[in-house]
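> Sequence:
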Amino acid sequence: MAESGPVVSSETPSGTTDHSDWMSKIPEKLHQTALWDLAIPGSHDSMGYDLDMDSSIVEPDSLVHWSHLHWVRSLVRDWATTQEVNIIQQLDAGVRYFDLRVARKLNDTNPTRLYFYHGLYTHSDVETVLGMFNDWAERHPKEILVLALSHFKGMEEPIHIHLLNFITTLFGAKLIRREDHPTLQFCWESGRHVLISYDCPANQYPGMWRKIPYFYGNTMEPSKVITVLDEMLQTQRPPNYFCVCGLNLTLPEDFHAFKYLGKTLKSATVQDLPTLLDWVKRQDPGALNACVNIIATDFVNYLDFVSTVIKLNDKLMVE
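In the working numbering, the protein residues as written are 2 to 320.
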């Protein structure tokens, strides 16, 4: 098999580069590499493009009481909108890790209906979106998806059981099991290419993986994000397991947040993403210590983020 680089270059209608089959094009030398040793692009708050302005405010707690005010919901949306391309476009662009925060709406007449959320609830319900992932996975059997479900706001035990049963039935034999040691070759030969991280230990099913650590700076300053990521990779990177480095910026929870009210999350991200991508370019997924794995960001369609992460795998080809 020819050892051509994994990066493809054709433009999708959304303006992002088409990497819909980048894993299938990885050089043969890397086929036996564990997935947690590859560089994988991810999206932070992956459903952030789908927020419902008519929903009540879910977070932050300090603004929940003001849900009836349109301008407050609009402010929350401006800072909670983390993506602008939909799930299928993210998949086609090469994103393979998805940060999915799940919640049940209060007083929903359907006892098992769930939504995603970030500040506001999404328009789309969880089962519909998971069906989209499954349909895409059917069409791309050599691409491995990592779906990280977390937070589970307003959910009790019976709803967890319903969701877990739905997931195991929907994805079926495509689910990578906890006892598996997933490499590209293993996933291709076994037909298992969807990995579910379910961040609720009391409700682990055989097909669910434990929480994947998500490292982030918790700051609006890109230099501090970089400092925190470097430190966490050095001290908290789990051996033989996945981890995420989040490039996302985070508003302060105190009065210092007011200094950013003239911006939106998108404008702040686009301004600072070049600095963060310079850090990405310096990383080496094959380093003996502090190696990166999944790298996630807001607005994945900007500044060739996905291509930058995928290209890190070229460094694994160097003897």
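In short, the hints are calculated from the structure, not lab data. A few of these clues could be false.
What the hints assert, rightly or not - Heads up, simulated BS3-like pairs for lysine-lysine below, C-alpha to C-alpha not over 30 Å straight-line:
1. Lys282 with Lys26
2. Lys106 with Lys30
3. Lys225 with Lys143
4. Lys106 with Lys225
5. Lys225 with Lys212
6. Lys30 with Lys267
7. Lys282 with Lys267
8. Lys282 with Lys212
9. Lys312 with Lys154
10. Lys143 with Lys212
11. Lys26 with Lys260
12. Lys26 with Lys106
13. Lys260 with Lys212
14. Lys312 with Lys260
15. Lys316 with Lys30
16. Lys26 with Lys154
17. Lys225 with Lys282
18. Lys154 with Lys143
19. Lys30 with Lys143
20. Lys212 with Lys26
21. Lys225 with Lys267
22. Lys143 with Lys316
23. Lys312 with Lys143
24. Lys260 with Lys225
25. Lys154 with Lys264
26. Lys30 with Lys260
27. Lys26 with Lys225
28. Lys282 with Lys143
29. Lys106 with Lys143
The model shown is predicted, which means the values in this text are computed figures rather than measured ones.
> Each hint: holds or not?
Right, here's what the structure says about each hint:
Of the pairs offered as hints, the one joining Lys282 and Lys26 holds, with about 21 Å between alpha carbons and a cut-off of 30 Å not exceeded. A C-alpha spacing of about 47 Å is found between Lys106 and Lys30, which places the hinted pair above 30 Å, so the restraint is violated. Our distance criterion of 30 Å between C-alpha atoms is broken by Lys225 and Lys143, whose separation comes to about 37 Å. With a CA separation close to 35 Å, the supplied pair Lys106 and Lys225 exceeds the 30 Å bound.
At roughly 25 Å between alpha-carbon atoms, Lys225 and Lys212 fall within 30 Å of each other, so this suggested pair holds. Taken as a hint, the Lys30 and Lys267 pair is broken in the structure, with Cα atoms around 38 Å apart against an allowance of 30 Å. With a C-alpha separation of about 22 Å, the suggested pair Lys282 and Lys267 falls inside the 30 Å cut-off, and the hint holds. For the hint linking Lys282 to Lys212, the alpha-carbon distance of about 27 Å falls within 30 Å, and the restraint holds.
Distance restraint check for Lys312 and Lys154: the Cα-Cα separation of roughly 36 Å exceeds the 30 Å cut-off, and the hinted pair is therefore not satisfied. Restraint check: the Cα-Cα separation between Lys143 and Lys212 comes to about 24 Å, which is no more than 30 Å; the hinted pair holds. As the CA atoms of Lys26 and Lys260 are separated by approximately 45 Å, the hinted pair breaks the 30 Å bound. The suggested pairing of Lys26 with Lys106 is violated, with an alpha-carbon distance near 42 Å, which exceeds 30 Å.
Taken as a hint, the Lys260 and Lys212 pair is broken in the structure, with Cα atoms around 34 Å apart against an allowance of 30 Å. Distance hint between Lys312 and Lys260 is unfulfilled; the C-alpha atoms sit about 36 Å from each other, more than 30 Å. Simply put, Lys316 and Lys30 have alpha-carbon atoms about 12 Å apart, close enough for the 30 Å limit, and the pair holds. For a cut-off of 30 Å, the pair hint linking Lys26 to Lys154 is broken: about 39 Å separates their Cα positions.
With a CA separation close to 17 Å, the supplied pair Lys225 and Lys282 stays within the 30 Å bound. Restraint check: the Cα-Cα separation between Lys154 and Lys143 comes to about 33 Å, which exceeds 30 Å; the hinted pair is violated. About 16 Å separates the Cα atoms of Lys30 and Lys143, which keeps this hinted pair within 30 Å; it holds. At roughly 29 Å between alpha-carbon atoms, Lys212 and Lys26 fall within 30 Å of each other, so this suggested pair holds.
For the hint pairing Lys225 with Lys267, the CA-to-CA distance comes to about 19 Å; that is within 30 Å, so the pair holds. The suggested pairing of Lys143 with Lys316 holds, with an alpha-carbon distance near 22 Å, which does not exceed 30 Å. Distance restraint check for Lys312 and Lys143: the Cα-Cα separation of roughly 18 Å lies within the 30 Å cut-off, and the hinted pair is therefore satisfied. Restraint check: the Cα-Cα separation between Lys260 and Lys225 comes to about 17 Å, which is no more than 30 Å; the hinted pair holds.
Restraint check for Lys154 and Lys264: the C-alpha separation of about 28 Å stays at or below 30 Å, so the hint holds. Taking the CA atoms of Lys30 and Lys260, the gap is near 49 Å; set against the 30 Å cutoff, the hint is violated. About 35 Å separates the Cα atoms of Lys26 and Lys225, which puts this hinted pair outside 30 Å; it is violated. Taking the CA atoms of Lys282 and Lys143, the gap is about 26 Å. The hint holds against a cut of 30 Å.
At most 30 Å may separate the alpha-carbon atoms for a hinted pair to count; Lys106 and Lys143 exceed this at roughly 36 Å.
When held up to the earlier numbered hints, the structure conflicts with 2, 3, 4, 6, 9, 11, 12, 13, 14, 16, 18, 26, 27, 29 and fits the remainder.
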